[in-house]
Structures are given as structure tokens and as C-alpha cells.
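If you're matching them up, the sequences are chains A and C in order.
1 is the number of the first residue of the first sequence in this note's numbering; add one for each residue after it.
1 is the number of the first residue of the second sequence in this note's numbering; add one for each residue after it.
Any given hint might turn out to be false.
[What the hints assert, rightly or not] Short derived list, chain C residues pointing at chain A, Cβ under 7 Å:
{"#": "1", "residue": "C79"}
{"#": "2", "residue": "A107"}
{"#": "3", "residue": "G231"}
{"#": "4", "residue": "P232"}
Simulated from the structure, these hints should not be mistaken for laboratory data.
Note that CB positions come from ideal geometry on N, CA and C, so glycine has one too.
So the chains spell out like this:
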Amino acid sequence: MSATANNTGNENAMATATEKLGTYLCTYGDLIAERQERDPVWLRQLREDAWQRFHAKGFPNTHDEDWRFTNLAALARTPFQRAVKGRVTVSSGQIERFRVPGAGCRLVFVNGHFAPDLSEVCDLPDTLEICSLERAIAKAMEGSEPEGCAPEGIEQHLGRYADVRRDVFSALNTALWEDGAYLRIHRGAVIERPIHLLYVSAGAGAAIMTHPRTLIVAEPTSHAAVIEDYVSIGEETAFSNAVTELVAGQDAVVSHFLVERENLAAFNVSTLRLELARGTNVSSHSILLGGGLVRNNVHPVLAGEGAECLINGLFVGAGRQHLDNYMLVEHSQPQCSSRQFYNGILDDRARGVFHGRIVVHKDAQKTDAKQTNRNLLLSDDARIDTKPQLEIYADDVKCTHGATIGQIEEEQLFYLRSRGIEETSARNLLLYAFAAECLDRMHDSPAREFVASLIGERLTDLAVNHQAAASPAPVKEETQSWEEVG
Amino acid sequence: MALLEIQDLHASVDGHEILKGLNLTVNAGEVHSIMGPNGSGKSTLAAVLARRETYQVTGGRVLFNGKDLLEMKPEDAACEGVFLAFQYPVEIPGIGNAYFVRSAMNAIRKFHGQDELDAMDFLPLYKERMKILEMDDKLVNRSVNEGFSGGEKKRNEILQMAMLEPKLAILDETDSGLDIDALRIVAKGVNAMRGPDRAFLVITHYQRLLDYITPDFVHVLVDGKIVRSGGPELALELEDTGYGPSEADVPQVLPA
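Chain C extracted, bound-state conformation:
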């Protein structure tokens, strides 16, 4: 059974159809990259999978581990093992970073009938993973993402992923706005998490990130559909030729 099975997915935002019949199968252990131009639906796909309610699913189905993902609330999807690294991580003044992650971990543990972690068990683990991501200790007690630099925010997303250990991690343009050092650190964090039980959906604009995180599959998303799929070499080709539909028989869509 595939970990994630997306069939003919249609979704809209504010009445505009963005995803127009998307199909994708992801197995545990695989890294898939989704590339495509602005407005093609990459972030919509990420949001739908994370169950953001402002996105309406108008057709198709999504199975996660054999369960109907589209029936789940965001928190249920998270507890089942879906994780979204946000393109724009949200600042939450007044809630401590470590406290937040521990609350999330305990919510997920509770869902699976496990005992909650107390601060004594949690903190050493948290600090160890922070070290891998070269994050400053002072961020432990700072409010979630508040006053973080762009790079710190993205690393904080990866840190949360490392703590929550999802089955499917969706990275939504995690590379955007990162300098090359930060990119390397983020990629290191992701690569450390790769394993036979975990899959990644790496959404990106640029091939650059894929120099550090080598995908098993690359898909090209144009106008709400996957128009091409291939191996890592496809990303390099796109770097040269762009997302034009020259090789695929897709009609050019002009903005209305």
C-alpha cells in the first residue's frame, strides 16, 4: 500500500479552481520533488494535504496510509503523521518555542495512546536536535518564530519536523529566501531524517535545493496538474529549459 495516494484531486480557493485533477503516488522511503511555476498549485497541494480549511476540495480523493485524508481535521492529519514545513512560518507571541513543540509532541503521543513527555525528558532531545540545525540555545524560550530571522524560521520548521517525526513531511518552498549556508544546514536536517519509513514531498521553485536533497522522483506541476514526471535528471533539465510545455502535450493556458 502506498503511503500517499492522490487521485484526481480538485481544489479551489475563494471559488477559483487551482488543482484540476492531480494524481500522485508516494511510497514510504521515497523523496518526491514537486516543481512548477508560480501559481501552478504547489502550495495549494501542500495546504490541502495539511488540511487547511480555507482550501475547498471539490473532487477526487486522497488516501494516507489507507485512510481518507480529506476527512481529517488538521490536527488529526498531523497525529496520523503528516507534517507541513510552512513557506511562511507563523509568529506566535507569548507561546514559548520549546513549550509549543512539547505540546505538539504530547498531543501526538496522546493520540497514539503513549505517555506524555515531561520537560526533563523533552529538553535534552530538543537541544540535541537544535545543535544539528546549528540553532542558538537562546531560541528555546523565545516565543514561536517571533523576531526570528528568515533562516531561523525555516530551521525552526525543520526542528519541529525532527521532533515530531512524521511519516510524510511536506516542505513548502523551504529553500526560498535561504542563503547557501542555511540551505546546507536545512538539507542536512532533512537528510538526517530520511529513512525507509518516511517520505518527503519537497516543493520548490529551484533546482538548487535538490543539489543537497536528491529526490527519487521529480514532478512538474503546471496549472493544477502534473504534466511530467521523471528522475532527478528532470530537475536539471528544467533548470535549462524552464517549465514550458514544449515536450508535454499540454495546451498553453493563458491567464484569464
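Bound conformation, chain A alone:
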């Protein structure tokens, strides 16, 4: 792309973006009017501030360093509408295939709205509170508590961590969220089975947007694993802009899994903001397999001495998928360690981004931060942009980073085939071996088994498609290009 074309294109994109903010403005107006009675004052204030932020900044363009490799023109251009509650109904049969075997409970949201009939929250220990965030707040306003849910923690935590000043998508979510999950794990509680939060986009006849908001409060010394899972029913486009705030109290051990397996027309921006108190051990595992344009923001703040954070991820793209991973790891207290490991597999014309930013603040002496991004490109047209960024303001720290980009090695493929393993299986084995590095960093659990099987299926598809593409076949029609400008 020439510089001139680029500039003109971006000006157009900005014009379009500003114009399209109109639909967001309408949505905001409707929402505020509707919620006048229902939202507490602090929440209205939160929305108002966030909205001002979003409205002032609009969608970023590729001149913004944090968005250099991801063009949002197609997203900004699409007039997404708010999903009307109850317009689309989804049966339990339709979501059966999204079940996580071994999960302890499940909250289901359809187009951003809580679906109690599809959710399963029976037989829970009384040390775990789980409910719809919207309901929890509504009940609090009415003065009665929802069953199993004491919402006093909500005001204390909601919106206190998400970075609405820097990140417009967090601002947009904070202004427009309608529902999501609220989880509170009591002090010392050990929740054995993973908690499944299923966010379903279901065809609504129009391009819809949702802004799921999740708040997870893990009290001191509690243990839990949460799977946040984004899926589609049907092939329609949708825009999910999710924000999750996970607050880990002292010595808590929490694993968070993000699973993106939406259809290829989906736009998905998700932001995971982790707040780590002293001595916590928090893992974030992002498994990006689906979606058309995906931006995965993970933003841990190691805010207590001796906290440990694992930021682990795998992204697998084919066709014209665009999978962007933006890590911002902030060390603000001494003796903390963070480990980032992201593996990418890209085929066809898929594009991946890994932007790993580590900020070590002045007081964070003895920080130990490590970042590794490994990528496998399966076609000449696949592309990865990988960018480490270290900002260190303390003087006694250990920070390392590294990135690799490679291909399936012909030597390895031949070795497997020479033992009788046919080519597709051999390819699949090698892909799986590469992807399994990400699984090796998860504890044995139903959550790990679940993502392992998803990854296995995805890689089998990839190996089969690759084989089909290698033999003469009609050229696949290109459905969407995220590179288009304006």
C-alpha cells in the first residue's frame, strides 16, 4: 500500500467513523432513557463518563500505535444495532453443542441478554455467587436480594479497573453494557469445577452489537476457573465488545479462559482486565479459533507484592481471519513475575498480530517478566506482525522477550510420512504439537480437556482444508476483506 493511498484512505475512514458514531449516539440515548429508573446513580455516572470518553475519541485508526496492524474501517462502517431483548429465542437444543463437559454451572446470554431458561446454576456451593449482573443491580435497587447473590461488591469493583481513559472499546462497553455475568468466590472457597459463561450471538435479521460485561471477584485465598465462551448461531455478522474485570484478592488462584469460536463474519473485541493483589496466581488462557476480526486485549496489573501472572494464548486463523492480540502487562509492585506465551497458526490469507507491551513501574523492583510469541505460517499469503514493547522505570528487573516465525518443516513432515502416517494426519500432528505448547501450560482440568478438543477439531479442519487447497480446486470466493479502507 502506498503512503498516499493510505492517508486518503484513513481520512475517509475517520470521516466514516465519526458519522457512524451517530448510531452509537442513538443507542446511548435510548439506553439512558430506558435505564433512568433502573440504574443507580454511581452507574449512571460511570456510563456518562465513559460515553464522553468514547464520543471524544471515536474509533482509532491505524495511525494509533496500539492499532497499527488492525484496520477498524469495516467495523466502523457497519451500522450495528442494539439487540432487542427477547426478539430472538434460542432453544436449549441449539446450544447443546456448546456445552463444556465437566463444567459446574453455566450462565447463558443470548445477544447480550441473560437467558435464565438456558442457564444451569443448580447445586452450587454457597461459597459461590453467580448471577446476571443486570439482575443483581436491579434487585439491589428494589431492595431485595436475588437468590444466592449479594451485590454489595458490585459498586466497589465495577468499572474501577477497566481503562476507559486509554481504551475506547472499554469506554464503549462501560457506556452501553446491558448485561453480563457477576461472579463472587468467597474467601477460601475452592470451586472445583469450571464456571462456564456462554455468550451467544444468534441471527437477528440485522447486524447487532452487544457489550457483555463480566465482573469476577475472587476473594482472598479462593480458587476458581472461569471459561468465557463466545459462539454464534447462524452466519450473520455481529459485533461483540466484551469487558471483563477480574479482581483477585490476596493469595487467590484463578484461571480465566477466553474461547472465541464465533462465525467468520463476527467482529469480536474483548478486554480482560486482571487486578492481582499480593501473592495471587492468575492465569489467562486465550483460545482464538473463530471470528472474522478479533481483537483480544489482556491487561493484567500486578498490584501486590509477589503476584504471579501467566498470559497464555493460541490463535488459529484461516481464510481472511484477522486475529489481533494486544497484551499490556503492568508491574506496579516488587517481586512479581509475569509470563506471556502466545502461539499463532495462520493459513491462507489470515493475519495475526501479537503486540506485547510490558510496563515496569518505578516501585516494581525485582520484576521478572518474560514474553514469547511463536508463529507458524502455513501459506505464503498468511501474515503475522509481532511487536514487543518494554517500558522499564525500575532499575533491578529481569525482562526478556522473543518471537519466532516459521513454517511446517518439510523434514518433519517427510519423517512422519516415511513411517506410514498419511500427509493430512502428519500435518495435523505437527500442528497439534505446536499448539499443544499452549495446553501444556494449563493444569489438568475439564477446562483444559475442553479447549484441547476444540483445538483438535480446528486443526483437523485446517489440515483437511490445506490438503484440499493443495489439489486443484475452484478458487474460493473471498467473502470479506478486513484490509479494505473507507
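Given chain A's structure and the hints, the job is docking chain C onto it.
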């Protein structure tokens, strides 16, 4: 019918002709040794027989068990019973050694319409054969060849051969880089596999390996052709006189 019948085989790599009309017949039960100087085409022959696609066959034909070997993909050749012990075994991080061999065995069993082996059937057999090759149990779950010593890698090749039970095993300089103990162990593994239904093509630089694996035939490969053939005594003679074409009427070929 011969097990392997190579007729006037020509093959090139990157446009350079390496094999220039090679003829060889191997019957079941026989051990043939191919000797020759560096660059004479020994490894090319091994790679062509294992159907490596980077080697282009430009002429001739190869029948394996009466079937056209040159029409087969690497995996088909393997399923038909061709096995290549690599000169440089490949490391494959992330795939367990035992898992790999079991996948290969099951691929071959499937090809022949047999039931797959589960881990319970497989593992005792695998461990027993490991013992013959004096391999450490800890290698079972390690990634294929990753972090193995040179000797462990070569023994691992022989272990795979012992598990896959091929009809034709090609050992491509399996002796290179082995100390005498490892050499003895490898030879023991090979000798245990000798039988009336199986043939070996032992490619080597040195006579040393043939002290332990006695061949029925020795062939000398020079510049892409077999220039001499004889019994085991030929290997000893070569040890003394080298590969010079003194006794064969082959023109000396100088590198271009």
C-alpha cells in the same frame, strides 16, 4: 519374484543428476550392503526408495513386491513395507516418542485392514524392544528425538524398525557417529530382525558395521552407478584399496 527390482534408475536433486542408471535386485531374506565414496549417490538411492519428493526420478523403474514403487507416496511405500533408518533422524518437539510409533503402526495396520492397537497392547511390546536396544525407559514419553544423543537417535531408528516390521529396511549410514558399544547394540537389533521374509539394504561408508552385520552381497556405488558387486570379502578388500576404480573399467570422473 524379487522383493526389490531396480532397473536403470536415474534421479536428480535440484537439476543435478546423481543416480545415473542404477541396477539392483534384492530378494527377501538377503542383506545387501551399498558402499561408496561421499557424493556417489548412496543417500539419494535411500531417499528415492523412501519416496522423498525433493528427489526427482528422471528415468528407469523400481518394483517393490511387483508394484511400481515410484508411483507411491512416502506413506504408501511405508505401508507396503519400506522402512528408512535416517542418517540424520529428525527431531519433532511436542510429539511423544511412543505416541508417534503407535500412530505409525496403526496407520500401517489400517492400510492392511487390521484393527488398531490401543496403548495397553502397544506399550509392553514397545518397552520390550526398547530393552533389546538398551534404551532408557524415560525416552518413552519424550518428544521424538528431541534432546537425544546421537547414539540414542540411531537406536531410536532401529526401535521404530523393530516395531514397524518392514519387508525392506534401508539403513542409511546408521553407523556414522556411533561408538563401538552403540554400534554393537544397533547391530544386535538389526540381526534380531533378520529373517527369510525381510531384506536389508545397509548403506555405509565403512567396513566396520559389516563386522557385526554380515552382508550376503556388497555393492560399490561410484558416481551414480554400481561398479562392482561381490560377497562380504569385497568389503574387506575395499577397506584396503579404497573405492578407486582400479579393477573396474569405469572412467575416472572428476568434479566439474
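Hint by hint, here is what the structure shows:
A hinted interface residue such as C79 of chain C counts as satisfied when its beta carbon comes closer than 7 Å to some beta carbon of chain A; here the least separation is about 5 Å, so the hint holds. For A107 of chain C, the suggested interface contact is upheld, since its CB lies about 4 Å from the closest CB of chain A, less than 7 Å. The interface hint given for G231 of chain C is broken, as the beta carbon of that residue sits about 31 Å from the closest beta carbon of chain A, more than 7 Å. Among the interface hints, the one on P232 of chain C is violated; its C-beta lies about 29 Å from the nearest C-beta in chain A, farther than the 7 Å criterion.
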